[in-house]
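S.K.: Listed below, chain by chain, are the residues.
Protein chains: 2
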Amino acid sequence: MPIRAIVFDAYGTLFDVYSIGALAERLFPGKGAALAELWRDKQIEYTRLRTMCSTYKPFWEVTQDALVFSCRKLKLDLTLDAQNQLMGQYAKLPAFPENLPVLQELKSMGMKLAILSNGNPDMLDAAVQAAGMNEVFNHILSVDAVRKFKTAPEAYQLGPDILGLAAKDILFVSSNCWDVCGAGWFGYKTFWVNRAGAPLEELGVTPHGQGTTLTDLRAFVEQDRNELQSQARPA
Amino acid sequence: MPIRAIVFDAYGTLFDVYSIGALAERLFPGKGAALAELWRDKQIEYTRLRTMCSTYKPFWEVTQDALVFSCRKLKLDLTLDAQNQLMGQYAKLPAFPENLPVLQELKSMGMKLAILSNGNPDMLDAAVQAAGMNEVFNHILSVDAVRKFKTAPEAYQLGPDILGLAAKDILFVSSNCWDVCGAGWFGYKTFWVNRAGAPLEELGVTPHGQGTTLTDLRAFVEQDRNELQSQARPA
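Just so you know, the protein sequences line up as chains B and E, in that order.
Everything in the first sequence is counted per numbering that gives the first Met the number 0, starting at 0 for the first residue and increasing by one.
Everything in the second sequence is counted per numbering that gives the first Met the number 0, starting at 0 for the first residue and increasing by one.
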């Protein structure tokens with residue numbers, strides 16, 4: 000079966016979170032990179048602990064908790080104004096420059112496109128709006144519907160459920176290797192947008208495709224389609 | 000009800016993992032601290048991903064995977080000999096110096112003592128043996144029995160099950176704040192041995208007790224006992 004739909008992770012995959020680090024650096028000169036990194040790590044860590052222990056709360060709140068912890072750990076004085084600025088940045092993240100044209104091309108190839116993100120619906124809507132992507136996606140799925148964050152199977156199940164397709168006929172795309180591994184374990188076809196040039200996680204999962212930008216994803220999808228057409232053609 | 004049993008986390012709480020960083024520094028001069036930190040973070044991350052996705056494998060293997068990834072990420076050439084040395088260190092970790100006398104005193108107070116660790120049974124047995132703690136513990140519990148790592152409730156449930164006590168009558172002791180939070184969510188009384196002077200995780204859990212070494216734990220248990228005795232005494 001060819002790929003019939005593509006499900007995208009949001010933060011880091013579609014939306015460029017770099018601007019958060021830049022703002023952190025303006026607010027805490029010399030500490031911006033350390034804060035952005037710890038904040039992101041804690042944000043993800045808290046989603047996992049809350050998923051394992053069934054103590055879900057929305058990503059916006061988890062993100063805020065992670066920010067508060069990170070500033071305390073780094074001994075940075077987080078004023079309410081700084082907190083509002085940093086959190087507010089999540090609502091206006093720019094998309095990576097190649098994304099919109101690639102998404103439009105994939106759509107014109109007949110692909111169904113969806114987002115499946117840890118973000119809660121309000122956060123996602125704001126980011127999709129700010130990136131001008133409203134028209135491109137058939138579905139914007141938040142794990143908030145199942146109150147478990149990725150990599151819980153219940154979260155990945157949202158894709159097949161709404162698309163009416165088996166996971167193996169859906170391509171899952173993420174810049175986070177752990178997310179690619181979780182999706183691969185679940186049964187999706189996977190494509191890793193390895194924007195940072197990171198090594199593959201040692202989790203026994205090999206992505207079906209890999210590249211550094213969404214432009215490489217387009218090439219992968221075209222190749223998948225061409226291979227199937229040439230197989231279908233009589234010799 | 001007074002505390003009737005104490006369940007301890009192993010790595011970092013009872014056993015000093017510092018020696019691993021020191022060995023890493025000898026093997027990779029200038030990179031030992033970075034390797035030890037990334038290795039530990041990845042080890043924990045992999046336990047969580049494998050727990051959420053029901054892809055359990057024993058802690059020894061997860062630890063090895065995390066080492067391989069960490070060396071690749073840091074561009075360190077991990078020879079088989081270096082790998083064996085680093086992994087072998089887990090089997091001969093020293094205990095913190097105050098531990099054995101404190102554990103013996105707690106035992107002499109009539110407390111049941113147990114270990115509840117992510118480590119698989121072979122790893123734990125070797126470390127307990129090396130630290131001379133065989134006689135002190137009533138039970139050595141590995142999450143391997145339920146094939147889910149902490150903070151999964153199934154892992155924490157091992158304590159009440161074998162001790163025949165409710166979680167609220169058992170004190171759970173860990174140096175890892177996330178472990179204290181998981182145990183607290185589960186229902187244990189908790190004591191955080193905050194050896195590193197870290198800030199409290201922003202997870203909405205406050206440990207019942209806190210200190211910097213196991214000596215502080217003894218004081219906490221004595222106080223718990225004295226308060227209950229004074230409550231029981233007629234005015």
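These aren't lab readings, by the way, just hints derived from the structure by calculation.
Don't take each hint at face value.
Note that the list lumps identical chains together, so a pair holds whenever it fits in one copy or between two copies.
Calculated cross-link-like contacts (lysine-lysine; reagent style DSSO-like; alpha-carbon spacing at most 27 Å) [as the list claims (entries may be wrong)]:
1) 106 <-> 74
2) 56 <-> 106
3) 30 <-> 91
4) 106 <-> 72
5) 74 <-> 167
6) 106 <-> 91
7) 72 <-> 56
8) 167 <-> 91
9) 72 <-> 30
10) 111 <-> 30
11) 30 <-> 167
S.K.: It remains to establish, for every hint, whether it holds in the given structure.
M.R.: Here's how the hints hold up against the structure:
no.	hint	in the structure
1	106 <-> 74	neither (47 Å within a copy, 39 Å between copies)
2	56 <-> 106	neither (33 Å within a copy, 40 Å between copies)
3	30 <-> 91	within (22 Å within a copy, 38 Å between copies)
4	106 <-> 72	neither (44 Å within a copy, 36 Å between copies)
5	74 <-> 167	neither (46 Å within a copy, 34 Å between copies)
6	106 <-> 91	within (24 Å within a copy, 58 Å between copies)
7	72 <-> 56	within (22 Å within a copy, 32 Å between copies)
8	167 <-> 91	neither (33 Å within a copy, 45 Å between copies)
9	72 <-> 30	both (12 Å within a copy, 23 Å between copies)
10	111 <-> 30	neither (41 Å within a copy, 46 Å between copies)
11	30 <-> 167	neither (43 Å within a copy, 41 Å between copies)
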